[in-house]
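Heads up: the sequence lines are chains P and F, in that order.
Per the working numbering, residue 1 is the first one in the first sequence, and the count goes up by one each step.
Per the working numbering, residue 1 is the first one in the second sequence, and the count goes up by one each step.
Hints in this document: simulated from the structure, not taken from any laboratory.
Ideal Cβ positions, reconstructed from N, Cα and C, are used throughout, including at glycine.
Any given hint could be a false lead.
Output of the computed footprint for chain F on chain P, the stretches with three or more beta carbons under 8 Å from beta carbons of chain F [stated by the list, open to error]:
| no. | region |
| --- | --- |
| 1 | 11-23 |
| 2 | 34-44 |
| 3 | 95-105 |
Chain by chain, the residues:
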Amino acid sequence: DGGITQSPKYLFRKEGQNVTLSCEQNLNHDAMYWYRQDPGQGLRLIYYSQIVNDFQKGDIAEGYSVSREKKESFPLTVTSAQKNPTAFYLCASRLDRRYGYTFGSGTRLTVV
Amino acid sequence: ILNVEQSPQSLHVQEGDSTNFTCSFPSSNFYALHWYRWETAKSPEALFVMTLNGDEKKKGRISATLNTKEGYSYLYIKGSQPEDSATYLCAFKTGNMLTFGGGTRLMVKP
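Make the full structure from the sequences, and use the hints.
Structure (C-alpha cells):
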C-alpha cells in the first residue's frame with residue numbers, strides 16, 4: 001500500500017543534541033511538508049519542498065534543517081538551536097493542488 | 001503568519017444530532033480551503049479541497065460550503081455517529097503554503 005512512513009514514533013533526546021526525523025513516501029508525490037504541533041495549537045509549517053533538491057522555509061524554520069536528495073525522502077533535523085524542540089512532528093505529501101495532503105502518523109519528540 | 005480560526009474549539013453532541021462548525025480565513029489571496037478529519041492515534045485524512053466561491057462539497061453525511069468573499073467555510077455533519085468523533089481541521093492555502101486552524105474537536109456520545 002502507498003503511504004507515508006515516519007520513524008520513529010517516539011524519540012527521546014538530551015538537550016543540546018541534534019536529532020533527525022525520518023519521512024519516506026512511496027506515493028510518487030512531488031511536494032513534501034513538515035509540520036509541528038504543540039498542545040492547544042494548530043499545525044505550523046516548518047519546511048516544505050516542491051521538487052527534489054529544492055526546499056523552502058515555512059513559518060517556524062529557525063532551529064531546523066531539511067534535505068531533499070530523493071523524491072521519496074524528506075528528513076528533518078532538529079538542531080540544538082531550536083529552543084523548544086519537544087513537540088509532535090507530522091510529515092505530509094501532496095500529488096498536486098487538486099488534492100489534499102497525505103499525512104504520516106507523526107513522531108513525538110521529547111527533549112530532556 | 002496568516003490567521004485561520006475555527007469555532008467552536010470543542011463540541012459534544014448526542015448520536016443522531018446534526019452539527020456544524022466554522023472556519024474563518026483571510027478573504028484576500030485565496031487559493032484553496034482544505035478540510036481534514038483527524039481521529040485519535042491516526043493520521044489526518046483529507047475530506048475536501050475547495051477552490052471556488054460558493055463551492056459545496058459532500059462526502060456521505062459530511063458536507064462543506066465556502067464563501068471566499070467573506071472568508072468563511074462551514075462543515076456540516078448530518079446525523080452524527082460515534083465514529084465521527086475526531087478533530088476537524090481547516091487549512092487555508094495561499095501560494096505554496098497551507099496554514100491550519102486550531103481545529104474543532106467533536107465528541108459524539110452514543
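Hint-by-hint comparison with the structure:
no.	hint	verdict
1	11-23	violated (count 0)
2	34-44	holds (count 6)
3	95-105	holds (count 9)
Hint violations for this structure: number 1 only, all remaining hints satisfied.
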